[in-house]
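Protein chains: 2
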Amino acid sequence: MTATTMRSKGERTKDLILTTAISMFQKMGYESTTMRAIALASGVALGNAYYYFQSKEHLVLALYERTLNDQWAACKPVLLSSRSMKKRLAGVLHAQLGALTPYREVLHSLFRFGADPTSPLSPFAPESAAIREGAKGLFQNVVAGSQEKISTDIGDALPYCLWLYHMGIVFFWLHDSSTGQNKTTKLIDLTSDLIVSFILLNSLPLFKPFRRTLLKLIEEFRLDNAA
Amino acid sequence: MTATTMRSKGERTKDLILTTAISMFQKMGYESTTMRAIALASGVALGNAYYYFQSKEHLVLALYERTLNDQWAACKPVLLSSRSMKKRLAGVLHAQLGALTPYREVLHSLFRFGADPTSPLSPFAPESAAIREGAKGLFQNVVAGSQEKISTDIGDALPYCLWLYHMGIVFFWLHDSSTGQNKTTKLIDLTSDLIVSFILLNSLPLFKPFRRTLLKLIEEFRLDNAA
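These protein sequence lines are chains A and B, in that order. Heads up: the first sequence at position 227 corresponds to 227 in the working numbering, and the numbers run straight through without jumps. Heads up: the second sequence at position 154 corresponds to 154 in the working numbering, and the numbers run straight through without jumps.
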């Protein structure tokens, strides 16, 4: 057996454990699912499961990472197809939720942990910094590839704010019981339009004092543990 | 015994049960506290406790109502002392949190239920409609008593949005571990300033299309189960 196939077997085992865990979290709830039960259902030894994932929290972080990769893949065509900021923002949000759809139930069940900012499962926790940065990168790309001119002082804070907005959309979508989550689709269309209008209005000279206070607020109250 | 003293004894018993329940929710958590334990600790028969509060949820709603009354009392001097919208808004928020301080711990422990919009303990539940209306009334008063002119089409949606903003502030405050919750104080000062600036800018003719989309959004996505 070569090193390459060894690695690939390890990756496959890791994937299997994660897929099993996601399905168990979904069926039995996160709290009731033990590492022992996950290892058993995956057909791997408990020590082996712990080798790949030090704790249940690590499994959740791996789930977040998997959904992030799926989101990037789904957003790529959108980001290549238009230079209008409104179309890019709305398109990315729709594509993200499309990619999250298979995980909707399990994310919903995990959400109550995420709502507590001190939990390592919170989207604002230091533990999930890398995933957060990856998700913010999507919005950085939305802005950077747009044809619209925005005032340069907004630049750095904007991807963060769009990421925060996207967290709100995901929260709404997780609780949206309308057919096919149609209400969320409408919410995205209305709010993305408003937000881009707001960004553009904010770049007008009239807005300078307002923009300054807003940037001060964002800087002082960033929730993403950025430097 | 006259009808009046009968009633007043009833009110006293009801108050005693509520105060006992709040303290037990705080010490042992909402889920671990039973109606039986509350009745026992209050020195009343279980049937008597159920006569006043049909369920634990009713006790939480009564707690919300008590905090609302305390908030109105604390805000009254603020609303009488200034006609500046910024001062009124910031003053009301500071006064509200002051009134909520004795309940901070128990509200924090109840929050995770409130984060699920389908829970009767959610601030958006039909069960808490009356309390929500009472809280929105405070923001109605903030706007109505201000000297600033705002465009009339914003009118109805504004108290609702300010109430939603206040819910965000309360959420932040519940999780604020800075000394004396000083970060929340700063957040109120920065955001109330920004929000009033935003309201006033929104009243400019330049903003008409933006304002229209914003009002449409608010109307379609109100979370407060208003008519």
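Calculated directly from the structure, the hints in this document are not laboratory data. Watch out, some of these pointers could steer you wrong.
Since the list can't tell identical chains apart, any single copy or any two copies may satisfy a pair.
As the list claims (entries may be wrong) - Here are the simulated lysine-lysine pairs, DSSO-like style, with alpha carbons at most 27 Å apart:
id: 1; residue 1: 87; residue 2: 183
id: 2; residue 1: 208; residue 2: 186
id: 3; residue 1: 9; residue 2: 216
id: 4; residue 1: 216; residue 2: 14
id: 5; residue 1: 56; residue 2: 86
id: 6; residue 1: 216; residue 2: 183
task: If the cutoff is 27 Å on CA atoms, where do residue 208 and residue 186 land: within, between, both or neither? Let me know, please.
output: between (31 Å within a copy, 21 Å between copies)
message: Reference check for the pair residue 9 and residue 216, CA-CA at most 27 Å: within, between, both, or neither?
response: neither (50 Å within a copy, 54 Å between copies)
Up to 27 Å CA-CA - residue 14 versus residue 216, copy category: neither (43 Å within a copy, 47 Å between copies)
Same-copy or cross-copy closeness of residue 87 to residue 183 [CA-CA at most 27 Å]: For residue 87 and residue 183, the Cα distance is within 27 Å only inside one copy (19 Å; across copies 37 Å).
- prompt: Can you tell me if residue 56 and residue 86 fall within 27 Å by alpha carbon in one copy, between copies, both or neither?
  reply: Result: close neither inside a copy nor across copies, 39 Å intra and 47 Å inter.
query: For residue 216 vs residue 183, is the C-alpha pair at or below 27 Å within one copy, between two copies, both, or neither?
result: between (33 Å within a copy, 14 Å between copies)
Going through the hint list in order, the structure does not satisfy hints 3, 4 and 5.
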